[in-house]
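Colleague: Now for the letters of each chain:
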Amino acid sequence: MKNPLESLPNTIGLGIVLTIVLVILVKAIN
Amino acid sequence: MTVEFWAFLFRWLHVLSGVMWIGLLWYFNFVQIPNMGKIPDEQKPAISKVIAPAALFWFRWGAMATIITGLILAALNDYLWNALALGLAGSMKGAHITAIGFGMWLGAIMWFNVWFIIWPNQKRALGLVEADADTKKKSARIAMLTSRLNTMLSIPMLFAMVSAQNPVAYG
Chain C
1 MKNPLESLPN TIGLGIVLTI VLVILVKAIN
Chain W
1 MTVEFWAFLF RWLHVLSGVM WIGLLWYFNF VQIPNMGKIP DEQKPAISKV
51 IAPAALFWFR WGAMATIITG LILAALNDYL WNALALGLAG SMKGAHITAI
101 GFGMWLGAIM WFNVWFIIWP NQKRALGLVE ADADTKKKSA RIAMLTSRLN
151 TMLSIPMLFA MVSAQNPVAY G
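The listed protein sequences correspond, in order, to chains C and W. Quick note: the first sequence, position 17, residue 17 per this note's numbering, numbers continuous. Quick note: the second sequence, position 110, residue 110 per this note's numbering, numbers continuous.
Incorrect hints may have been included.
[Unchecked claim] Partner residues aside, some chain W positions facing chain C, computed with beta carbon under 7 Å:
| # | residue |
| --- | --- |
| 1 | A95 |
| 2 | L145 |
| 3 | L149 |
| 4 | T151 |
| 5 | M152 |
Hints in this document: simulated from the structure, not taken from any laboratory. We put the beta carbon where it would ideally sit given N, CA and C, even for glycine.
Hey, can you work out the whole structure from these sequences and the hints?
Modeller: This is how it looks when you write it as structure tokens:
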């Protein structure tokens with residue numbers, strides 16, 4: 001299976017998803 | 001000179017070196033890597049022998065300056081340990097401490113990736129140190145994927161760093 005990081009649009013998409021996950025996590029902690 | 005002055009000075013230096021680092025990271029990922037395939041083979045050494053080594057020099061030392069000025073800034077602001085604990089332990093709590101803490105951990109992981117994964121692999125891939133053709137190919141792939149990982153991490157890292165300056169964003 002191809003690593004999703006080999007595609008630049010996927011890299012950006014994953015970054016945005018991770019950002020949203022972190023925001024939810026920060027909200028949950030505090 | 002007050003501690004506020006030094007905190008301001010180190011924040012400025014931190015942003016300057018951060019732009020140097022992430023600017024070159026994005027150059028690699030948005031400009032160099034996607035366009036290497038379009039360059040004729042006989043012209044490729046212009047990138048691999050001249051441009052890439054120069055860019056990698058400013059890239060890795062930009063990363064070093066960014067983490068050093070960042071740690072000094074956090075210490076001057078008195079939240080270094082509280083932020084590294086993500087605001088879960090220690091005297092300072094609040095979403096902006098958790099946010100800057102996440103940013104600091106993401107930045108630290110990225111700094112580690114630059115110095116301990118990307119740079120050693122790029123040295124082999126670009127022929128700055130001896131390696132056989134198979135090792136070169138493998139090293140180039142690991143360097144590219146780690147560079148992509150850092151590009152992905154730079155998005156939440158910058159979100160966390162910038163949002164921490166706007167506590168109201170977290171309500």
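Colleague: Next step is simple, just say for each hint if it's right about the structure.
Modeller: Against the structure, the hints:
1. A95: With a minimum Cβ separation of about 4 Å from chain C (threshold 7 Å), the hint on A95 (chain W) holds.
2. L145: Where the cut-off is 7 Å and the nearest Cβ of chain C is about 5 Å from L145 (chain W), the hint holds.
3. L149: OK, holds: L149 (chain W) within 7 Å of chain C, min 6 Å.
4. T151: This interface hint holds because 5 Å falls under the 7 Å limit.
5. M152: With a minimum Cβ separation of about 4 Å from chain C (threshold 7 Å), the hint on M152 (chain W) holds.
Violated hints for the displayed structure: none, as all numbered hints are satisfied.
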